[in-house]
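Participant: Each chain is listed here by its residues.
There are 2 protein chains.
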Amino acid sequence: MALRHYTLDFKLSAAVDSSSTVPDLLSIFHEQEMTETVHETNGHGYLGTFVGKNGWLAILRVHSHGLVTVDLQCYEEDDFAQVDNLLNALESKLKVILNGNITRIKRLPALVRGAEVDRYWPTTDNRLVEYDMDQLVYEEDSAFQNIKILHSQQYGNALILDNDLNLAESDLAYTLAIMGSGRENYTGKEVLILGGGDGGILSEMVKQKPKMVTIVHIDQKVIDACKKYMRGTCGNILDNLKGDCYQILVEDCVPVLKKYVQEGKTFDYVINDLTAIPISMEPEEGFCIVFFFLHFFLYLTSGHKMRLNLILKPCELLVVDSTWEFLRLILDLSIKVLHPSGKYLTQGNAENMTESLGLYEEQLGRLSCPVGFSKEVVCVPSYLEQWVFYSVWKK
Amino acid sequence: MALRHYTLDFKLSAAVDSSSTVPDLLSIFHEQEMTETVHETNGHGYLGTFVGKNGWLAILRVHSHGLVTVDLQCYEEDDFAQVDNLLNALESKLKVILNGNITRIKRLPALVRGAEVDRYWPTTDNRLVEYDMDQLVYEEDSAFQNIKILHSQQYGNALILDNDLNLAESDLAYTLAIMGSGRENYTGKEVLILGGGDGGILSEMVKQKPKMVTIVHIDQKVIDACKKYMRGTCGNILDNLKGDCYQILVEDCVPVLKKYVQEGKTFDYVINDLTAIPISMEPEEGFCIVFFFLHFFLYLTSGHKMRLNLILKPCELLVVDSTWEFLRLILDLSIKVLHPSGKYLTQGNAENMTESLGLYEEQLGRLSCPVGFSKEVVCVPSYLEQWVFYSVWKK
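These protein sequence lines map, in sequence, to chains Z and F.
Note that the UniProt record's numbering gives residue 159 to position 159 of the first sequence, counting from 1, and the numbers run on in steps of one.
Note that the UniProt record's numbering gives residue 150 to position 150 of the second sequence, counting from 1, and the numbers run on in steps of one.
A few of these clues could be false.
Which bits of chain F does chain Z cover? Going by a derived footprint, with three or more residues having C-beta under 8 Å, they are [to be verified]:
#1 2–10
#2 116–128
The list that follows gives simulated cross-link-like pairs (lysine-lysine, DSS-like), each with its CA atoms no further than 27 Å apart [as the list claims (entries may be wrong)]:
#3 F:Lys211 - Z:Lys11
#4 Z:Lys106 - F:Lys106
#5 Z:Lys209 - Z:Lys228
#6 F:Lys93 - F:Lys53
#7 F:Lys336 - F:Lys395
#8 F:Lys106 - Z:Lys221
#9 F:Lys221 - Z:Lys106
#10 F:Lys242 - F:Lys336
#11 Z:Lys53 - Z:Lys93
#12 Z:Lys11 - F:Lys394
#13 Z:Lys209 - Z:Lys375
#14 F:Lys207 - F:Lys93
#15 Z:Lys259 - Z:Lys228
#16 F:Lys242 - F:Lys211
#17 F:Lys265 - F:Lys394
Simulated from the structure, these hints should not be mistaken for lab results.
We put the beta carbon where it would ideally sit given N, CA and C, even for glycine.
Isolated chain Z, as found in the complex (with noise of 0.2 Å):
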């Protein structure tokens, strides 16, 4: 059962005396045998707290710099006419009260607290966002990292993978920007694509008859999982993993970029969809590193909280001698298997994330061979922040 937590607050152009507040407005707590209890703030204001015997507790505040602050936190059970009485009487009471003084009232949404459904997941610049989910369509720990689909009602089905929201069925948008925007024409072309397990980019690109797409995904469950509920964005495509024009590999990509530059493989594109949490490690030169796929650092300056997957296999050392030495590693593959008039496809950050990308930019400057990119800003409908997609070339 979630708690319901209200917030009612009054910005004033000037400062109020409690004594000159509060009274009018306990008669309203007491109407719903709420207990008071004033505590001493040491020079902050009159805080309240008021308890009921349904467990419903309000705070009422007179901060000592023009606010008043209500929070009312209550079950989701309860009676919501009570609720939004008491809301109601208060707002009503302080209105009067504060005739003349107040700059802004603001009553929110309340914050659902503990709800079967998760639905606030916040933007990559950590604001509070809440979403239209109604249903956990699926949720399992796979080998690399926690998978969910849930349901929203204008989103369609949405694929979070360790709390992150990665794609909703509603993000074509998404797909038609990481390959280009419509600049770009996949007929006859050799493609690779780093991730992109949820089988968005390949339904869309198959329409264009390319002559091979190899899809390097590590986590077979997710492809599972999007097989049977991202049908908005895979359509049939992933029903088999191998079609006349493309393979699926599930595979961890760094071993394969490897050997495709050991064989001299080029593609037309590469496109890297890869989710940017970090999740596979691979042992190397007798020591182990962590792999921080490619677009891990765009992260490290975010306020986003991160969980690395650390698969750790027994007696294995971890070394992390550089982070950005390794991305650079992993850019600098994929720029080798691509073909000298290919073109290199990415998502970026958040277009508010500036300081990430802006170090992102400063990598691309320093890869062994020189490149130039592009990139413009997409609307991508369940992101509710806008989003920014990388084109790069070789020089």
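Please arrange chain F on chain Z, whose structure you already have, making use of the hints.
Facilitator: Positioned in the frame of chain Z, the structure of chain F alone reads:
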């Protein structure tokens, strides 16, 4: 000085006893020199409040049904590191105490209450969303409404009328959608735009060399504000109220529509871009009628709080017979001035407002002239919810 309100919630698979949970946490609050008060909850679990000398308030609740919630209220000027440390300490300790019983840990971005710039503009279906607004660029009360323009890092300037976000400079997608998403050709056409004072539609339309575009917008102050601060939307088109192929009439659209009907004037396109909140009324047939702009009813069943700005002249009588009849009247007027082969284009509502959308479509079936319609769902960047647009034509 704003209040920062942090929450930290543990959803549990089974209820826990407070005696096994609370004692280990007390030292964390005591280290911050916070004074504990334990409240009687009549069987609703443990509820403790902790007040610090700096005005901090923490609330610890061990609910009786498998949920532990922590609230922390501090001030904007307080030491963030100290806040983080306290929340980290509580989260770490609770992870240990509740080990094996946790189904979700949720620590949301702080709710900022009473800030200079308000960043919370709930969606039409009343979800809590935090924007990245960082500056109040303009605010004024006109005779019709409160007008605000707020700056957002990613959306540019955003026009907010009566606390309803209308349009941001990023929202070309809105303008293109209400113009028919590229399916219509305005070259040489006669167009009537109701509302549209931000100049977005006009600015796009003149590129197609229409014969004449007439905008009827009631509020000069909105036009002036957009001319100055929404140039990403209107360019320089609002610098003159009249041009080679357009005129902007600063009037209530109802008498203008009636005049056109009387004159038998028709348009190839009528675009209804009126704000969803009704802002004018007009006297009619001896008594006063509250005029609800066309889309008002779309909001009737929404969770949106609405303010009616009634401009009551002395000794006028307020009569509202049937909202639906008025709405049909307005829609009828628009259809009456529409050329038989013309199109009526308008925004509808949020995709999630299914009931309101259904009621609107029902109204379309009750007009004096039979009409057909199509709709499409568009992602408007600053809206943070999918939006429905309608095309209507005479059968």
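Participant: Of all the hints given earlier, name the ones this structure violates by number, lowest first.
Facilitator: Those not satisfied are hints 3, 12, 14 and 15.
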